[in-house]
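Dock chain B against chain A, hints included.
Number of protein chains: 2
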Amino acid sequence: MYIQVLENLQRDGKNVISSELLARTCDVNPSQIRKDLAYFGEFGVRGVGYYVQDLITSIKQALGVDRVWKCALVGVGNLGRALLNHREFRLRGFHIVGAFDCDPFKIGEVVSGLEVVCSRRLKERTADLGIELGVITTPPERAQRACNYLVDAGIKGILNFAPARIEVPEGVTVEYVDFFHHFYAVAFNVTLGSQD
Amino acid sequence: MYIQVLENLQRDGKNVISSELLARTCDVNPSQIRKDLAYFGEFGVRGVGYYVQDLITSIKQALGVDRVWKCALVGVGNLGRALLNHREFRLRGFHIVGAFDCDPFKIGEVVSGLEVVCSRRLKERTADLGIELGVITTPPERAQRACNYLVDAGIKGILNFAPARIEVPEGVTVEYVDFFHHFYAVAFNVTLGSQD
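Protein sequences, first through last, are from chains A and B. The numbers in full-length UniProt numbering rise by one with no breaks, and the one at position 90 of the first sequence is 90. The numbers in full-length UniProt numbering rise by one with no breaks, and the one at position 150 of the second sequence is 150.
Chain A extracted, bound-state conformation (with noise of 0.2 Å):
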């Protein structure tokens, strides 16, 4: 979220921000900010703030964040698509290098500049372009089919678009990016403001 925040403070052409106008922007309470940015190593200027461009290189380098990923993606539908096509990812630092998918109608095709291959040739590909991060776009029925793919080509972190829980053994990482929990909480959200 900070980097979020920093980056956004960044494109309105803000260079410094208080810790109190930052805490403002991020809903959380100043002394908060104050204890997370020094673990990160930060500890601004006083009367100043921090520098933008400072605590965003240090929030990364502490995430690990501060260098490029290289991704596979798996399932080549509207959402793999529109995923190769956001420019975001690559600014972001994850580069997804790989296109996977089981349909013989889809290998082959290229999108946005990458060839989509077949979901077989996973682990040997992963080793050929060292990508280290999976990311599953299938529908959900092919989730963990997609899933031991990456499993089975040594990756040992998994973004799953997919709407359906996967296994993964010990040592795996799965984030789940859920859409729908968003939209129900927004919808929570608003059926209680109008019994207000």
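Honestly, the hints are just simulated from the structure, not real lab data. Ideal placement from N, C-alpha and C gives every residue a C-beta, glycine not left out. There may be inaccurate statements among the hints.
[Stated by the list, open to error] Per label pair, the in silico range of CB-to-CB distance:
#1 B:E20 to A:G93: 26 to 32 Å
#2 B:A38 to A:D66: 42 to 48 Å
#3 B:G47 to A:D66: 49 to 55 Å
#4 A:V16 to B:R11: 48 to 54 Å
#5 A:D103 to B:N15: 28 to 34 Å
#6 A:L114 to B:G113: 24 to 30 Å
#7 A:G108 to B:Q10: 34 to 40 Å
#8 A:G108 to B:A185: 39 to 45 Å
#9 B:R121 to A:E170: 50 to 56 Å
#10 A:M1 to B:Q61: 30 to 36 Å
#11 B:R24 to A:E115: 36 to 42 Å
#12 B:Q61 to A:V45: 51 to 57 Å
#13 A:V45 to B:R121: 46 to 52 Å
Then chain B, alone, in the frame of chain A:
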């Protein structure tokens, strides 16, 4: 999360689940599960567990999401198209009934059965169609303008897929759907894991 897990179980043909198994699947402790589900009015059956369908119904009722929510989508780029084509939305009760864009080349185009309409007509269409939620899928620099159109149309709940913070008046709920948060989290975990 409970809804996602339970719908997944249902997809796998399971009709009943114990609180222990549900707890393990959700990575939540069993006493928390029992507390949460009691809040939804579901107490389970001793020796049997919870009926999956009843539990889904109770949770959706408690959250006010056991009905159809009509949504407007603003920004018919790659991501917007992916969401418009995403069959899962309709299954979950979120019907995207209006697609808006300010690009004259997109206005009039039909995407997933919807004619793209000029964003300036959002207010008028919101009233006609009974739209309650807005979905922003514009580039970041146009998110605030899209938001302003939605707020002006009287919409109280916004899902923002654009990687940009937006400002809304009191009484309007915004949920940020931020892919990159999840990417950073996975990258961070993989980095930690590789240091073991």
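Beta-carbon spacing of G47 of chain B to D66 of chain A - inside the hinted bounds 49 to 55 Å or not: holds (53 Å)
C-beta pair R24 of chain B, E115 of chain A: status relative to the range 36 to 42 Å that was hinted: holds (40 Å)
Distance restraint evaluation - Q61 of chain B, V45 of chain A, Cβ atoms, bounds 51 to 57 Å: holds (52 Å)
G113 of chain B and L114 of chain A - C-beta distance against the hinted 24 to 30 Å: holds (29 Å)
Pairwise beta carbon distance, G108 of chain A to A185 of chain B, judged against the given window 39 to 45 Å: Hint violated: Cβ distance 34 Å, outside 39 to 45 Å.
V45 of chain A versus R121 of chain B beta-carbon gap, inside 46 to 52 Å or not: Check passed, 48 Å falls within 46 to 52 Å.
Verdict for G108 of chain A, Q10 of chain B (Cβ pair) under range 34 to 40 Å: holds (36 Å)
Assessment of proposed distance window 42 to 48 Å (beta carbons of A38 of chain B, D66 of chain A): holds (45 Å)
Verdict for R121 of chain B, E170 of chain A (Cβ pair) under range 50 to 56 Å: Taking Cβ atoms as reference, R121 of chain B and E170 of chain A lie about 53 Å apart, which means the hint holds.
Whether the CB-CB distance between M1 of chain A and Q61 of chain B falls inside 30 to 36 Å: Since the Cβ atoms of M1 of chain A and Q61 of chain B sit about 31 Å apart, the hinted range of 30 to 36 Å holds.
Satisfaction of the hinted span 48 to 54 Å by the C-beta atoms belonging to V16 of chain A and R11 of chain B: At roughly 51 Å between Cβ atoms, R11 of chain B and V16 of chain A fall inside 48 to 54 Å, so the hint holds.
C-beta pair E20 of chain B, G93 of chain A: status relative to the range 26 to 32 Å that was hinted: 40 Å Cβ-Cβ, so the 26 to 32 Å window is violated.
Checked against the numbered hints given earlier, this structure breaks hints 1 and 8; the rest are met.
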